[in-house]
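> Here is how the chains run, residue by residue.
Protein chains: 2
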Amino acid sequence: MEWCIIVDVNFVFGGILEMSYKLAIIGFGGMGNYHFDQIKERIPEIEVVGVFDVRQERLDYAKESGLKAYTSVDELIADKEVQIVLISTPNDFHAPLSIKCMRGGKNVVCEKPVTMNAPELEEVLKVSKETGKVFVVHQNRRWDKDYVIIKNILDNKLLGRAFYVENRVQGSKRSLEGWRGFKLNGGGMVYDWGIHLIDQTMWLIKSPVVDVQGHLARMFSTEVDDNFKAFLKFEDGTSALIEVSTNCFIPQARWHMMCEDGTAIVEDWECNGKMVRLSDDRDLGWEDQIVYTVAGPTRTMAPRPRETTEELSLPEVKSDWADYYKNVIAAIEGREELIVKPAESLRVMKVVDAIFESDKTGHSVACHI
Amino acid sequence: MEWCIIVDVNFVFGGILEMSYKLAIIGFGGMGNYHFDQIKERIPEIEVVGVFDVRQERLDYAKESGLKAYTSVDELIADKEVQIVLISTPNDFHAPLSIKCMRGGKNVVCEKPVTMNAPELEEVLKVSKETGKVFVVHQNRRWDKDYVIIKNILDNKLLGRAFYVENRVQGSKRSLEGWRGFKLNGGGMVYDWGIHLIDQTMWLIKSPVVDVQGHLARMFSTEVDDNFKAFLKFEDGTSALIEVSTNCFIPQARWHMMCEDGTAIVEDWECNGKMVRLSDDRDLGWEDQIVYTVAGPTRTMAPRPRETTEELSLPEVKSDWADYYKNVIAAIEGREELIVKPAESLRVMKVVDAIFESDKTGHSVACHI
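Quick mapping for you: the protein sequence lines, in order, are chains B and H.
Residue numbering for the first sequence follows the numbering used here, starting at 1 and increasing by one per position.
Residue numbering for the second sequence follows the numbering used here, starting at 1 and increasing by one per position.
Keep in mind that the hints were calculated from the coordinates and are not lab data.
Please note that a few of the clues may not be correct.
Claimed, not checked - Below are the DSS-like pairs computed for lysine-lysine, each with C-alpha atoms no more than 25 Å apart in a straight line:
{"hint": "1", "chain 1": "B", "residue 1": "LYS274", "chain 2": "H", "residue 2": "LYS318"}
{"hint": "2", "chain 1": "H", "residue 1": "LYS40", "chain 2": "H", "residue 2": "LYS318"}
{"hint": "3", "chain 1": "B", "residue 1": "LYS206", "chain 2": "H", "residue 2": "LYS145"}
{"hint": "4", "chain 1": "B", "residue 1": "LYS206", "chain 2": "B", "residue 2": "LYS22"}
{"hint": "5", "chain 1": "H", "residue 1": "LYS318", "chain 2": "H", "residue 2": "LYS274"}
{"hint": "6", "chain 1": "H", "residue 1": "LYS126", "chain 2": "B", "residue 2": "LYS173"}
{"hint": "7", "chain 1": "B", "residue 1": "LYS63", "chain 2": "B", "residue 2": "LYS145"}
{"hint": "8", "chain 1": "B", "residue 1": "LYS173", "chain 2": "H", "residue 2": "LYS68"}
{"hint": "9", "chain 1": "B", "residue 1": "LYS40", "chain 2": "B", "residue 2": "LYS22"}
{"hint": "10", "chain 1": "H", "residue 1": "LYS40", "chain 2": "H", "residue 2": "LYS274"}
{"hint": "11", "chain 1": "H", "residue 1": "LYS157", "chain 2": "H", "residue 2": "LYS100"}
{"hint": "12", "chain 1": "B", "residue 1": "LYS157", "chain 2": "H", "residue 2": "LYS360"}
{"hint": "13", "chain 1": "H", "residue 1": "LYS341", "chain 2": "B", "residue 2": "LYS360"}
{"hint": "14", "chain 1": "B", "residue 1": "LYS63", "chain 2": "B", "residue 2": "LYS183"}
{"hint": "15", "chain 1": "H", "residue 1": "LYS274", "chain 2": "H", "residue 2": "LYS145"}
{"hint": "16", "chain 1": "H", "residue 1": "LYS100", "chain 2": "H", "residue 2": "LYS68"}
{"hint": "17", "chain 1": "H", "residue 1": "LYS173", "chain 2": "H", "residue 2": "LYS145"}
{"hint": "18", "chain 1": "B", "residue 1": "LYS326", "chain 2": "B", "residue 2": "LYS22"}
{"hint": "19", "chain 1": "B", "residue 1": "LYS63", "chain 2": "B", "residue 2": "LYS22"}
{"hint": "20", "chain 1": "H", "residue 1": "LYS274", "chain 2": "B", "residue 2": "LYS274"}
{"hint": "21", "chain 1": "B", "residue 1": "LYS40", "chain 2": "B", "residue 2": "LYS68"}
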């Protein structure tokens, strides 16, 4: 019996007491700070121990917060206690810093967009393989409730297979903060929100992307795309519209998904919305009758009798972003595969490359990603 | 003074008393009947005198309605009294019948889609030129109030230039009536509602189409597209999404248009909707602050202060479909150019061809239409 109790204690407290991972942050701006706060509050398995930033005021703030303030990346890497490095710098530094940290023996969590293009990411992944260090992108929006609802509807076949998906985030600020407005640093909406929506969409639809048409607009920025739409075709026949706007004053729904047996809408981040599903008694005969709408006669667009459909609430889902870091730890310990797999991040970067190429040539990019 | 009065009488009554045009209809189905009713009620300048249809019951109905019932197209053409022929047959008959009628000395009003493809239309237009007969497509949806509102907003620069336009008609009947389900007859949604929305969009944005990506779905039809989306890029940087669905149970707005200085939405055929326009005091500084939404932190998508925008009603517009036929008569009399110009109909057919080609190849079609 005593033996049993010892095992139990190890199981329950082991992770926290003995296995607390030490994490250091490179780039202590908005996102770096967000990770720090969130980890402190929600991930007992990880302790943030130090920070490197090029700005003295951020290092001062780190010290005030009880963290080590490294004066260089080398000093951070030399800190033997650190097992995980979070990289949350401007985007153009992600690849070189990730490589440097892995070669220095650290596991790496990297903010998105992971790199500036797919070939750069391939270099990074090569180093992950060589060194055996875990490398994972912070695609945290896979845990967003609106997305989890949409994924739940598809995965559980609540409305049958999807054929048109629209995945949008529309704002109206007409401005990009700091380096997010600079081309050199990987600014613009494709790299920013876009990469989240692309990752979500590709994790939703399990089929290769075969055509990418990007339409990037520069409404107020002189350097980068401040609004974009991309239209992805998947091999299985699904198509997805992905949109990120900063110049939209009447937002559309966060998600609109048309499936064979019904339609789902998620209006906003609060996840207002509904599903409308065909009843079993779904087939309508043609009455040889034209319906006269305000806009003239139509047969095809005449309304469907209400009793042939049913309106349903969106499914209840649970989602906890803390599971992201728990999975990173499990992967470091070899207990689980990464949820955000390197191969998936590479596919996302290839689609990003195709969007930029499509913008340059003005035409869609045939591919098999 | 007497002289003046005589001129006045001629001006007011001349068109009706002396110049009443005689029109015959080939294809007396739903649309043929619609033209008959509408002309009788709203176009005093035109009198429908006869009908040809392959179905005896439709000829019987024509006779009951006081019309001549021709037993062949040749008999119709031989009727010297007839100056205009309306062709409202299944789509595959449009081109040969149009050519036959013009060679027989008739002016032709042709239902949409005017032909099955652009080369066919070029043949038809050649005959129009040779014979000097007016040939015009019934793109009546240029007179739809929802469209006229959107066009008014752009033409009067109420929101500046457009960059993203979405033009949709979504129904849920999941069935196509009669020949509209057959490939041979030019069935499917691209040819049906699609061609209206393409025509509207191309008449809205005055720039060549440079890329066309079509995504055709066959959700219940085995022959033709029963749902489609097309994404058009225009040379001036505008992009347009055109969608016609018959398998959508939660409809989106009829129109959503993002412009440089604001956004417009027309919800439905009743033209509910609004505009939101930037105020003069539009520039927001960046406060170094992250906004915490339900879906996590974001700077870029933080809401804009209300006082930097103003909400406006959609413009009041007047539109009368009768102007279509009045313009046809004015064109026959050489007083006006056609509103629905043959060159515009040809551009629309070329975009339709590109949509079908894109569906076949799976990739977008680079063009300059």
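> Now tell me, hint by hint, if it's right for this structure.
Going down the list of hints, with the structure as the test:
1. B/LYS274 with H/LYS318: Status violated; Cα separation ~36 Å.
2. H/LYS40 with H/LYS318: 21 Å, holds
3. B/LYS206 with H/LYS145: 42 Å, violated
4. B/LYS206 with B/LYS22: 35 Å, violated
5. H/LYS318 with H/LYS274: Satisfied, since the Cα-Cα distance of roughly 17 Å is no more than 25 Å.
6. H/LYS126 with B/LYS173: Status violated; Cα separation ~52 Å.
7. B/LYS63 with B/LYS145: Violated: B/LYS63 and B/LYS145 sit about 35 Å apart, past 25 Å.
8. B/LYS173 with H/LYS68: With Cα atoms ~65 Å apart, B/LYS173 and H/LYS68 exceed 25 Å; violated.
9. B/LYS40 with B/LYS22: At roughly 12 Å apart (the allowed maximum being 25 Å), B/LYS22 and B/LYS40 satisfy the hint.
10. H/LYS40 with H/LYS274: At roughly 36 Å apart (the allowed maximum being 25 Å), H/LYS274 and H/LYS40 break the hint.
11. H/LYS157 with H/LYS100: The given pair, whose Cα atoms are some 44 Å apart, is violated under the 25 Å limit.
12. B/LYS157 with H/LYS360: Violated, at roughly 28 Å.
13. H/LYS341 with B/LYS360: 33 Å, violated
14. B/LYS63 with B/LYS183: Violated - the C-alpha atoms of B/LYS183 and B/LYS63 are around 32 Å apart, more than 25 Å.
15. H/LYS274 with H/LYS145: 14 Å, holds
16. H/LYS100 with H/LYS68: Given that 25 Å is the threshold and the Cα spacing comes to 20 Å, the pair holds.
17. H/LYS173 with H/LYS145: 24 Å, holds
18. B/LYS326 with B/LYS22: OK: B/LYS326 and B/LYS22 at ~14 Å, within 25 Å.
19. B/LYS63 with B/LYS22: 16 Å, holds
20. H/LYS274 with B/LYS274: 24 Å, holds
21. B/LYS40 with B/LYS68: The given pair, whose Cα atoms are some 15 Å apart, holds under the 25 Å limit.
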